[in-house]
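Could you put together the complete structure from these sequences and hints?
Protein chains: 2
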Amino acid sequence: MSDQNNIAYDKLAERFTKLHRLNHLSSIASWDQAAMMPSGSNQARSEALAELSTLTHELLTASEVGDWIQAASEAPLDSFRQASLREMAREWRQASVIPADLVKAKSLVTSDCEHAWRSQRPENDWQGFSKNLEEVLRLTREEASIRAESSGVDPYDALLELYEPGMTCKQLDGLFGDVKNWLPDYVQQATERQKSSDYLMPEGPFAIDKLKALGLEVMTLLGFDFNRGRLDVSTHPFCGGVAEDVRITTRYRDDDFIESLMGVIHETGHARYEQSRPKDTLELPVSYARSTGIHEGQSLFFEMQLGRSREFLSLIRPLLLKHLTNGKELPAYQLDNLQTLYRQVNPGFIRVEADEVTYPAHVILRYDIEKALINGDMTVADLPDAWNEKMQKYLNLSTQGNYKDGCMQDIHWPLGAFGYFPSYTLGAMYAAQLFAAIQTSIPDVHSRISSGDLSPVFDWLKDNIWSQGSRYTTSELMVRATGEDLNASFFKEHLKKRYLKG
Amino acid sequence: MSDQNNIAYDKLAERFTKLHRLNHLSSIASWDQAAMMPSGSNQARSEALAELSTLTHELLTASEVGDWIQAASEAPLDSFRQASLREMAREWRQASVIPADLVKAKSLVTSDCEHAWRSQRPENDWQGFSKNLEEVLRLTREEASIRAESSGVDPYDALLELYEPGMTCKQLDGLFGDVKNWLPDYVQQATERQKSSDYLMPEGPFAIDKLKALGLEVMTLLGFDFNRGRLDVSTHPFCGGVAEDVRITTRYRDDDFIESLMGVIHETGHARYEQSRPKDTLELPVSYARSTGIHEGQSLFFEMQLGRSREFLSLIRPLLLKHLTNGKELPAYQLDNLQTLYRQVNPGFIRVEADEVTYPAHVILRYDIEKALINGDMTVADLPDAWNEKMQKYLNLSTQGNYKDGCMQDIHWPLGAFGYFPSYTLGAMYAAQLFAAIQTSIPDVHSRISSGDLSPVFDWLKDNIWSQGSRYTTSELMVRATGEDLNASFFKEHLKKRYLKG
Chain A
1 MSDQNNIAYD
11 KLAERFTKLH
21 RLNHLSSIAS
31 WDQAAMMPSG
41 SNQARSEALA
51 ELSTLTHELL
61 TASEVGDWIQ
71 AASEAPLDSF
81 RQASLREMAR
91 EWRQASVIPA
101 DLVKAKSLVT
111 SDCEHAWRSQ
121 RPENDWQGFS
131 KNLEEVLRLT
141 REEASIRAES
151 SGVDPYDALL
161 ELYEPGMTCK
171 QLDGLFGDVK
181 NWLPDYVQQA
191 TERQKSSDYL
201 MPEGPFAIDK
211 LKALGLEVMT
221 LLGFDFNRGR
231 LDVSTHPFCG
241 GVAEDVRITT
251 RYRDDDFIES
261 LMGVIHETGH
271 ARYEQSRPKD
281 TLELPVSYAR
291 STGIHEGQSL
301 FFEMQLGRSR
311 EFLSLIRPLL
321 LKHLTNGKEL
331 PAYQLDNLQT
341 LYRQVNPGFI
351 RVEADEVTYP
361 AHVILRYDIE
371 KALINGDMTV
381 ADLPDAWNEK
391 MQKYLNLSTQ
401 GNYKDGCMQD
411 IHWPLGAFGY
421 FPSYTLGAMY
431 AAQLFAAIQT
441 SIPDVHSRIS
451 SGDLSPVFDW
461 LKDNIWSQGS
471 RYTTSELMVR
481 ATGEDLNASF
491 FKEHLKKRYL
501 KG
Chain B
1 MSDQNNIAYD
11 KLAERFTKLH
21 RLNHLSSIAS
31 WDQAAMMPSG
41 SNQARSEALA
51 ELSTLTHELL
61 TASEVGDWIQ
71 AASEAPLDSF
81 RQASLREMAR
91 EWRQASVIPA
101 DLVKAKSLVT
111 SDCEHAWRSQ
121 RPENDWQGFS
131 KNLEEVLRLT
141 REEASIRAES
151 SGVDPYDALL
161 ELYEPGMTCK
171 QLDGLFGDVK
181 NWLPDYVQQA
191 TERQKSSDYL
201 MPEGPFAIDK
211 LKALGLEVMT
221 LLGFDFNRGR
231 LDVSTHPFCG
241 GVAEDVRITT
251 RYRDDDFIES
261 LMGVIHETGH
271 ARYEQSRPKD
281 TLELPVSYAR
291 STGIHEGQSL
301 FFEMQLGRSR
311 EFLSLIRPLL
321 LKHLTNGKEL
331 PAYQLDNLQT
341 LYRQVNPGFI
351 RVEADEVTYP
361 AHVILRYDIE
371 KALINGDMTV
381 ADLPDAWNEK
391 MQKYLNLSTQ
401 GNYKDGCMQD
411 IHWPLGAFGY
421 FPSYTLGAMY
431 AAQLFAAIQT
441 SIPDVHSRIS
451 SGDLSPVFDW
461 LKDNIWSQGS
471 RYTTSELMVR
481 ATGEDLNASF
491 FKEHLKKRYL
501 KG
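As you go down the protein sequences, you meet chains A and B in turn.
Just so we're aligned: 208 in our numbering is position 208 of the first sequence, and the numbers increase by one with no gaps anywhere.
Just so we're aligned: 138 in our numbering is position 138 of the second sequence, and the numbers increase by one with no gaps anywhere.
For the record, the hints were derived by calculation from the structure and aren't laboratory data.
Some hints could be false.
Just so you know, same-sequence chains aren't split out, so a pair can sit in one copy or run between any two.
Unchecked claim - With a cut-off of at most 25 Å between alpha-carbon atoms, the simulated DSS-like pairs for lysine-lysine come out as follows:
no., residue 1, residue 2
1, Lys328, Lys501
2, Lys279, Lys106
3, Lys104, Lys11
4, Lys18, Lys104
5, Lys18, Lys390
Here you go:
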């Protein structure tokens, strides 16, 4: 390896270290904006974040970065540095390929569209919204076409690449096409089956400080490192902050403990991934989380695979009694009742409220539609009818004229984040496949979980996923961890076992 | 005015707007570091803040900024822009005059000294500390000499300029020299006098949430804008954040409500100054707070002039009862008792715990010593004896061998912040002079305060000080507001009236 090329790699590492540090401040300020900031400060905060974003974009796309990538790629690098260079180059290419005026135009149009959407949605104002969305779509299609041309793939694949590197429509059509076949039948069977099992709702009101204490104790059980992270409250729960200081949020209701608790468990899955990334290279893209779908895979592993298992429910049942009933045994807190409660299947309009079984229908519907919008096979004007038709087909619900609970419900499209939705169901599939592999690798995993010994599960995830960062492609990562690339049958089997047989 | 020079001024305003926005993120991340961040994240946060600080220093000291200042200064500007240019040039000059390697060396040495001081102080380790402090002093003297040469003033005056622009040793010697003459006698008379008045201590324990609710209600009474600010907890209370989002902190003790309440009142004074700066030019130095002393003047106006007045105590007495005694009248909460309690004079070792009367002794002692250290009239080795001698003289206390409660008690010197201490007593003097002017301008101000109508006081401060930013020099500001430059006699009269006659 020539010295000169070593220098180029080192220069890149130095630039990405600088970006890592500056992005630290953006992440904390964004967390603060959602969890702490009073509303009157919003404009100043947004301006400050935009200013730093402009600056980091300049630092990332500066011409010398391209030169360093070129120089570093011409030298023999060891395999770690090859992977590191590949990931730095990906970041640089994705940021550099779009002309500055398109970046700015999209930022303005999406900011306006999202802002207006916040009041248009409650007013069911499709006319007003669709005009803005057309602009967002127009610029996103322009972006997709530039990205596609630069990387030699189809436009929608180029958008997928932003969230799920390496994923293609072709692979997704296979994965989701299969689900579309069996899902409507599963939903029907599951709802049929649960009609025969009554359950009791635990009765509130639940004091917020009790719900918080419960959440904190469950986070501790799940290995959250409070020396490098916090739990707070925000309107829309999320996992933010930085790997060295992970900030998760939830929201509390005094009439229900399940939403906040499952939210905390979900975000703790995201948090542990971030907290367990390789410490010595945290600042380099090669240590970043592999993809949005793999990230969601960790949160859904925690929430769905582990969190709703009978073993885990039996493990946290004493904590529920401790914090919510003053230690008293009540019928609603019996294990069988909790299990029934945690496994209700209810087809509904709203994705974010959907259960594990119906959720993929919401995602696949959006995938089909956004792919058609990007490819030009559908216009914004066609959107409400297409939505209604698919909701009828998958979940037997009509959204005719009900835009606010239909195609206006999500923030993703107003923000121009086309290509993101598939990650949710990919995450559910990754989670199921990972848990299946763990069951093979640790035959007594279920009894370990019931007994409170979660460390074998977390050690496995840490070794196979969390500590791997972006060292391998997603496909390689899954093959190394589970013996095969993503396969929807694990998810199908999981649902069958839990909802049709369990 | 030529177009070219307009352009230069506009370029400067644009650059300072960028800096204002980037500093917004540093301020919020620093507040978070003190009030929210778990300790394990400290290194990453410090690295992130240092990275942005390097970047903003580059943006401020870039050669084009000097060119713009030169070009703008050659054109006729209106008086507002003249003031604005003067303040931008001051910021630029103060940042540019010190060579980058000295900035870096001082940053490393002070960081080491402060870090070591945190354990050396409890261990009373003068030997260890003095070695580090010598290095800090050496570099600070180098800095002072460069600043002095560049601005044509004496070295210590050049350091004063960083905190109290326009202030000189000559003026300070006059202001403080007078205080040194009458203070020891005042302290003795006040302590003598209070021997005859017994008082009752309100008994705890006080619940933290009650203390917080009390603090929030008093902040509301004092006009704090919660739509652009918050109250939180930190080990060392401060006023941070940004003008658009002011973050104040306090700390609670369950055996005492006065410390947290007076802390909240003090920080609310700082906060209202920031929240009331001119909105249309917030991002420009011409709107910044005039000086550290004027800032402290606002907090001490709130805490000492207003907050410990009989009228204000009578106003908040119902709030004390509401939050601390469940509304019950108790002897310790009678107005006379509260007043006695709030006006105790107790000579002690520790500056931050000092009362209004003895506080100036602590400051003047430090001023005399640090001036001699910077001028080379004293060495670090002489420091403990000089400290002991002055403590004996001013407060009749010996610090012989007691370094931790003597010359090792403050964080300022470890941080290299020589020239800062005078601001505390200047603040007390500004506050007394401002309140005297208000009493002349609003003859019924005392009855207004007792009746809860604080708006005339705040309107006066807003018109005369807060909304003026740095439009005028400190001296001009005081003359415009009170008819004369800073005059220690108002402070002397205030203490006499409250502690020797009141």
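So, going through the hints one by one against the coordinates:
1. For the identical chains of this complex, Lys328 and Lys501 are neighbours neither inside a copy (31 Å) nor across copies (64 Å), given an alpha-carbon limit of 25 Å.
2. Proximity of Lys279 and Lys106 under a CA criterion of 25 Å is satisfied in neither setting, with 35 Å inside one chain copy and 29 Å between copies.
3. For the identical chains of this complex, Lys104 and Lys11 are inter-copy neighbours only, at 21 Å across copies versus 28 Å inside a copy, given an alpha-carbon limit of 25 Å.
4. For the homomeric pair Lys18 and Lys104, the shortest alpha-carbon distances inside one copy (23 Å) and between copies (17 Å) are both at most 25 Å.
5. In this homomeric assembly, Lys18 and Lys390 never come within 25 Å of each other (Cα to Cα): the closest approach is 47 Å inside a single copy and 48 Å across copies.
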